[in-house]
Every structure is written in structure tokens, then in C-alpha cells.
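Now for the letters of each chain:
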Amino acid sequence: MKSIQVKNTYDLQLSGLPDTACDTVDETDFYGVSPSRIKELKAKLLVKEGQAVKVGSCLFFDKKNEKNVFLSPVSGTVEKIEYGDRRALQNIVIKSDKQFQKETLFDKQTLASIDKLEDKDVADLIQKGGLWSVFTAYPFQMTPNSDLLPPAIYVSIDSDEPHLPQSQIFCEGEKDNFLAGLKALKKMTSTVHVGVADKTKLKETKILEHVTHRLKGHYPANNHGVFLYYNKKDASENSSWGVSAQDVIRIGKLLTEGTYPNEKVIVVAGALVKKPRHLKVVEGYPVKALEKELTKKAGLRVVAGGVLTGQRSSIDSFISYNEYAVHFLQEGKEQEMFTFFRPGFDKPTFGRTYLSALVKKEEWEMNTCLNGGHRACIACGECPKVCPVESHPQFFMKDLEAGDIEKPIEQGFLDCVSCGICTYVCPSKIELDSIFYDARQKIAKEAGV
Amino acid sequence: MKILKDIFNKNEHYFEKGGKYANWYPMYEAFYSFLFSTKETTKTSVHVRDSLDTKRYMSIVLIALTPCALFGIFNAGFQAHKAVGESLDLIPVLLTGAQLVLPLIAVSYIVGLGVEFFSCMVRGHEVNEGFLVTGLLYPLTLPATMPLWQAAVGIAFGVVVGKEVFGGSGRNFLNPALTARAFVFFAYPAQMSGEVWTKVMGAKDQIVEGWSGATALAVAATTEAPQKAVDALQDAGFSLMDSIVGIVPGSIGETSVVMVLIGAFILLITGVGSWRTMLGSLLGAVSISILFNLFSGGTTIAFFGLPTVWQLSIGSYAFATVFMATDPVSSPGLESSRFIYGFLIGVLGMIIRVTNPAYPEGWMLAILLMNVFAPLIDHVMLERKSKKRIPNVI
Ligand code: SF4
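The listed protein sequences correspond, in order, to chains A and B.
If you count by the working numbering, then the first sequence holds residues 33 to 481, one letter each, in order.
If you count by the working numbering, then the second sequence holds residues 242 to 635, one letter each, in order.
None of these hints come from the bench; they were simulated from the model.
Glycine included, each C-beta is placed from N, C-alpha and C at the ideal position.
Keep in mind that the hints are not guaranteed to be accurate.
[Stated by the list, open to error] In silico DSBU-like cross-links for lysine-lysine, where the CA-CA straight-line distance does not exceed 30 Å:
#, chain 1, residue 1, chain 2, residue 2
1, A, 365, B, 243
2, A, 34, A, 71
3, B, 243, A, 477
4, B, 258, A, 265
5, A, 80, A, 365
6, A, 379, B, 243
7, A, 474, B, 243
[Claimed, not checked] Below, a sample of chain B positions facing chain A; criterion: calculated Cβ distance under 8 Å:
#, residue
8, 277
9, 288
10, 291
11, 339
12, 340
13, 507
14, 621
15, 625
16, 630
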């Protein structure tokens, strides 16, 4: 097993760390999915209000990639189809019949039968099973084109973004599914790299046997893009894919059962949650049903996913596709006077400009306050200090603003994995991640991806 | 305090986009955010943010500058009293010093901020905190006798030419405080060189016998061989100790190496000032000064032979290295370039100081020159770094 030391990582020590309990939740009447949070999706809706659906019925697909279908996680009837700004498909709400009747998508597979499949056939089954979007195709970090196969697939077992499910919990009792999923990945590409955190709590030897790399460092050392960056030997690997371990398990489950794997382990976390912990839920579970877990109900920010890369959600939303965490954070904070002349023992910070640098604190309670005004870059040099792929966000940003896209690409812009940590540390509060996202989309478009 | 906050919040709509006074927004934002922490929140990802903002960052520099400023007030008064033989007790000295220095600082802030506010309103972007530093740095580099109006013209020039014509803070490549300093140096040479460092209060005949008012630098630079520069300095009444402590004539804030070191300590421990720039500059200055020492035997310029400790303690070397060279905006952006940048400043500044009689001090020009070359150093370093990467292009 190789070891990879990831440079420039940072431990945010965010409070509200989920403990290792994994509870089940009460069933509810209404489930839903939120297509609006799937980036760059051009949805083609396939259901109407009042229509009956089963677990695995196709709800919509992506017009740019018709095989990237999204399936219903529950059975029942489509209650409501909600549209947001510019008639973007926002939510599809389904009234559950509480039966969870599953549509058979294809014949059940076994390890042996998967082994006999052709690479394209495996891809086909995953696409039919509605799990194609679990893959991230680098360097553009999009759902891969359906008829391309990658040079390599990077599986990352752990996740260090605050906070996402821990591997020892979601792998519990799932080793066969993991192995089936891994087999499927191995059919699709010549090399599958499996990385595990140096400090992983995973004990399952049947899974650990397949690990190829140990990843050392704090956030985002276990990001599959970072893994790819440190492991690649030449440029041919740049278009590799990444996938998380829980998705490998779900792929395995899909293949061996032939039905849509609608269950997943998520975390409910953040400072406003009474007892942050893991939950086993059916996909589409309403966020509202978690309200009883909170210490307060007003002034909150709901985040779907981790607090750095996750998207803004709301209390009326759902735990949708590819979302493995719900965070409840305090929205903003009390204004204080002359904050910049205070010693700041209570202010979490990457550098040493507040005296908090002297306090050994286990975790910090963070809120969504910007903690400063938007300013021009002062070249403080904080962002390159946290960049895991050893690039220089401030130079990219300046070149991109000046309309130069070539220079950043030459300097490794496409190695950026969108971890968002540069945006986190920037004292000028420059939205580096959004600037980079837009630029990446533009490059992808020009490259015809 | 709540009342004040409410006033701000209640009137915010006037200044927001589409409000009645929308183009006054930068002014409103500057005052509001000076008093209170922001209530602005993140819009999407990244949802949580670090506590550091540019205000905190710049206020650390202000704190680091404070010892120099306070000592500068003392020393300006001390030198003035010494010249005419007045009481050297602390209180009268401080009072005189304050009378000399505070108006300069006030003018620098008022005029500089005025220009800054104006251009921010024209451009419609927020007022940058960088000026808080520029506004204090600049007067500390002036002689205490500087006429206020000239100081005002200087800072206005510095902010406009050093910063605003390039598109404001963050886009400027020259250090605005130094640009201002350079402007007054060339525009008002009579007020910026010679016996200007000490305020002579009263008539010329009140001057104490034997007082000259020349700086150590001037004495060392004009020493003629075979006399040694050190001896000339000692004859003129300079001791190494005085130069390090800073009770010598010179620019307001630049004389005391001790105070600068306190500032350097604050900048380094907080990580706000780049240690690479400072170390580079130190190594550059030391190596050139040693080199000069080695060749001093054959020349007629006694200044060549001045020992390195003296070179580092007189003039504005320490201040320029710690506060001017480390300005992040006009430095190269890469940490690795910063070492080279600092080193070249040390080398160039020392060469200019020692060999060029037209410029009594070398750091201003050396830093401004390196400001211009900073992007080039970055460019070369980035090329080198890019070559080491596995290409990821399309
Ligand atoms: S952290 Fe922000 S202000 Fe600092 S160098 Fe990077 S982009 Fe510029």
C-alpha cells in the first residue's frame, strides 16, 4: 500500500461533529427530490402530477446526456412539481404509499456474472439504475459522458470535509455490496485506485484488502481529485473519474438486487443540531422532518452536503441525489464593535492574526457570517498556503478577471478540485470558488465537453 | 451602541443599489464596517468563512507601526529641544514632538482618505483598508519639519499615481506610501535633504554650539579617506547605541532600530509580514556591505568601509525593510519570489546608498524599482513551477 502525503491541508475543527450513532428515522408522507441542486442539469421531466411511480421509476433525465437518468426513491403518486426562477425544475414531491414497491430494472447480478460483462454493459446497467451521476469526471468535475470510459477511477473511502458520513458507519454490513461495486468499476477501466484516510476508523478487512493508497492530511486530503493529482504519472490520467465509497456500495447493491438502492447513510450536523449524528434515510427524505432535531427554528442556513462545497438548501427541501449530509448553521451573527481591534480568542482562523491561535480548542462553532467585506486581493498569500494541488488561486483569479484563460490552464488551473478552502481563508472574501467554477464551465464549453 | 447600529441599519436603504445616495455607498460602508463587524453572510458555498478580514490584517500593521510612531513623536521633540538647548524632560519633549508630528499624520490621513473616498465613489467599490497603513507609513518617512501643504500634495500624489490610476488597491504595483515619499523627495528637494531633520525652534543664534543637525548617514557619506567613517561618525557625536535606540536626527519614524524590531516581531509572529522578504533584504544588505568593506582599502570613499552593524542601524534601512518592502500588494505574490525580491532590495538599496552621492538614502528607490520588477520575478517563478507539474491542458 502506498502512502500519499497531501500538502497544505487544513483542519477546520468545525463544531457539530456527528457522533457514530446511526439511527433510523420515522417514515413520512411526502418525499421529494430537488433537481435544481444538480449543477448544469438541463432536466427533461418524465412524470406529471398525480402519476403513480414506483421506486426506480424514471422521474427526469439530463437533456445533454440522455442516459443520465434520475429515478424515484419512493413509490406512490407525484404530488407536486415545483418550479423556481426561470421555470427551473425545483422540486418533485412524491406522496409515499409507504410500500416502497420496487421496479425491477434488470436481472440480478452476482460477482461472477458481473465479471463476464463487457465494460459498456456495466456502464449501461449503472446508467439504467440511475446512478451514473455518482461519478465525477475530471478535470471538469461533471457527470461523465455516457459513452466514454475513464483511464482510471479513484475511489475515496473516507471524507474529511466537515461533516460527511464516516466510512466505518456506512460500510457496516455492506462489504459484499462494496466488492460487487468495485468489481463493476474494475470492469469499466483498467485501473481502480482505492484510497483510505490515514486515520480511518474502518475495520472491515474485506474492504481494506482492496485499498491501494493511504492519504495523509486534513481537509481535503481525501478528495478523489486530490488523490488523482498526487497519484497521476502522466497527463493521460487527467480525465480519470472519482467516486465515493458509499456510492460504490450503492452501485454494488443496484447490480446485485436489480433495483434502485434508495437507502443511504447521511449525517445531520452543524452547531444548531441537538445531537449531530448519522441517520439511515430513504433518499428524498424531507428536511422538515429533521426540524425536531434543532435547538432553534429561525435564522438558520440549511446546507445540503459539507459546509465548504455543499449547496444551499432549505427547510422545505429534501435530501436529494448525491447528498450525504444536511447541515444546520446559524445564519449570520451578532454585530460587534471594533471587531478588528479585539484580541479574538473566540475567532477561528487559519493564520495567527487573532489570539485564538494560542488557544487549543477542539472545535469552533461557525456561522454563515462573511466575517468581513468584499475587497480587492491584497496578495496576502493565504490561499496558496491551503491549496492541496499546489497552485496559486490568487494568480488564477487575476488572470481570469483579465480575461486570460490560457495562462491559468498552463499553471495547473484544471488541477483545481473545487475544495473551496481558498475561498474559506481569503481575508478579502473573494469568491474564488465561484470564479473558478464559471471559468471551468467556460473552458469545458470551449473544449466541447 | 445599539442606537448607533440602529441608525446605520435604518439608513442603509439610502445607500444600497437604487437608493437615493447609492454612490455614497463606499463612504457608508467604510464607516459602518469600521465601527461594526459585518452582517453580510455567505450566499452559497463556501458557507463558513475564516475570521480574518482585510481590516484585521491592516490593523496588525498599524499596531506594529505604533512603537515607531510613538518613538518618532518623542524623538522629534527631543531633537528639537536638543538643538536649542531646551529642557530634555519627557513631558515637554513629548509635547513638542506631538505638535510637530501629529499634524503631519492628520494631514496624511485626511487628504489621503479624501482622495481614496472620492475615487471609490467614482468607481463604486468599497474603500480599501490598505490606506489605514499608507496614511501612517508616509508621515513616518518625512522630516518633522515638512510643511503641511507639501505633505498633503505628496500623499495626494501617492494615492492617485501610486494606486488609483492602476485601478485602486490590489491592482497597484507601486507602494503608495513610497510613491508619495518619492514625489516629495523630487518635488521639494530643499525640504527633504540637508539640515531639515530637526525643527529649529526660535532664531538661528539660539542653536547650541556644536549642533549640526546632520544625519549619521550624511556624515558617513561625506567622510573623506583616509579618515574612517566610524571615526567621523563618532567625532560628530554619533554612537552606535544612539543609532540603534534611535535618538538621532532623521525621518520621524525611521530612526529607532529597536522600535522597528518590535514592529517586525509583531508582523512576523502574526504572519502578516513576509519573513522571506525581511530575511532576503537582510542578507542582501549584509552581503553587499561586507563586499564594500573588503574593497574599501583602495578607494577614497570612506563610506565603503563602514562596518555592517553601522550600515544596518543608520538611516531608514530597518524601517524600509520591515514596513515598506513587506507591503504585500506591491511585493511579488509568490512566497518563493519574495525572498529574491527582498534580497535584491537589500543589494540595490545598499549600492545606491553607498555609491550614489545624489541620493542620501537608497531604500526608497530600491523598493520602488523592485516593485516594478515584482511581476517579472513572479512570472519567472511561476514558469518554473509550471514546468514541474504534470500538464493538465486541453
Ligand atoms: S487569500 Fe484572497 S487576498 Fe489573499 S492572496 Fe488569496 S485571493 Fe488574494
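Hint validity - residue 630 (chain B) Cβ closer than 8 Å to any chain A Cβ: 5 Å, holds
Pair hint outcome, residue 258 (chain B) versus residue 265 (chain A) [Cα-Cα no greater than 30 Å]: Not OK: residue 258 (chain B) and residue 265 (chain A) at ~51 Å, beyond 30 Å, violated.
Closest C-beta approach of residue 277 (chain B) to chain A relative to 8 Å, hint status: 4 Å, holds
Agreement of residue 474 (chain A) and residue 243 (chain B) with the hint, judged by alpha carbon distance not exceeding 30 Å: Roughly 46 Å between the alpha carbons, so the hint for residue 474 (chain A) and residue 243 (chain B) is violated.
Restraint outcome when residue 339 (chain B) is required to lie within 8 Å of chain A by C-beta distance: Status violated, d = 22 Å.
Satisfaction of hint between residue 71 (chain A) and residue 34 (chain A), Cα-Cα up to 30 Å: Roughly 34 Å between the alpha carbons, so the hint for residue 34 (chain A) and residue 71 (chain A) is violated.
Restraint status (C-alpha distance of residue 243 (chain B) to residue 477 (chain A) at most 30 Å): Measuring from Cα to Cα gives roughly 51 Å; hence the hint is violated.
Distance restraint between residue 379 (chain A) and residue 243 (chain B), which requires alpha-carbon spacing of 30 Å or less: Since the Cα atoms of residue 379 (chain A) and residue 243 (chain B) sit roughly 22 Å apart, the hinted pair holds (cutoff 30 Å).
Given pair status - residue 365 (chain A), residue 80 (chain A), alpha carbons within 30 Å: 42 Å, violated
Status of the hint placing residue 625 (chain B) at chain A (closest C-beta pair under 8 Å): 11 Å, violated
Residue 365 (chain A) paired with residue 243 (chain B) [C-alpha distance capped at 30 Å]: 15 Å, holds
Interface hint compliance - residue 288 (chain B) to chain A, C-beta minimum distance less than 8 Å: Nearest chain A Cβ about 5 Å off; hint holds.
Going down the numbered hints, you'll see the structure goes against 2, 3, 4, 5, 7, 11, 12, 13, 14, 15, while the others check out.
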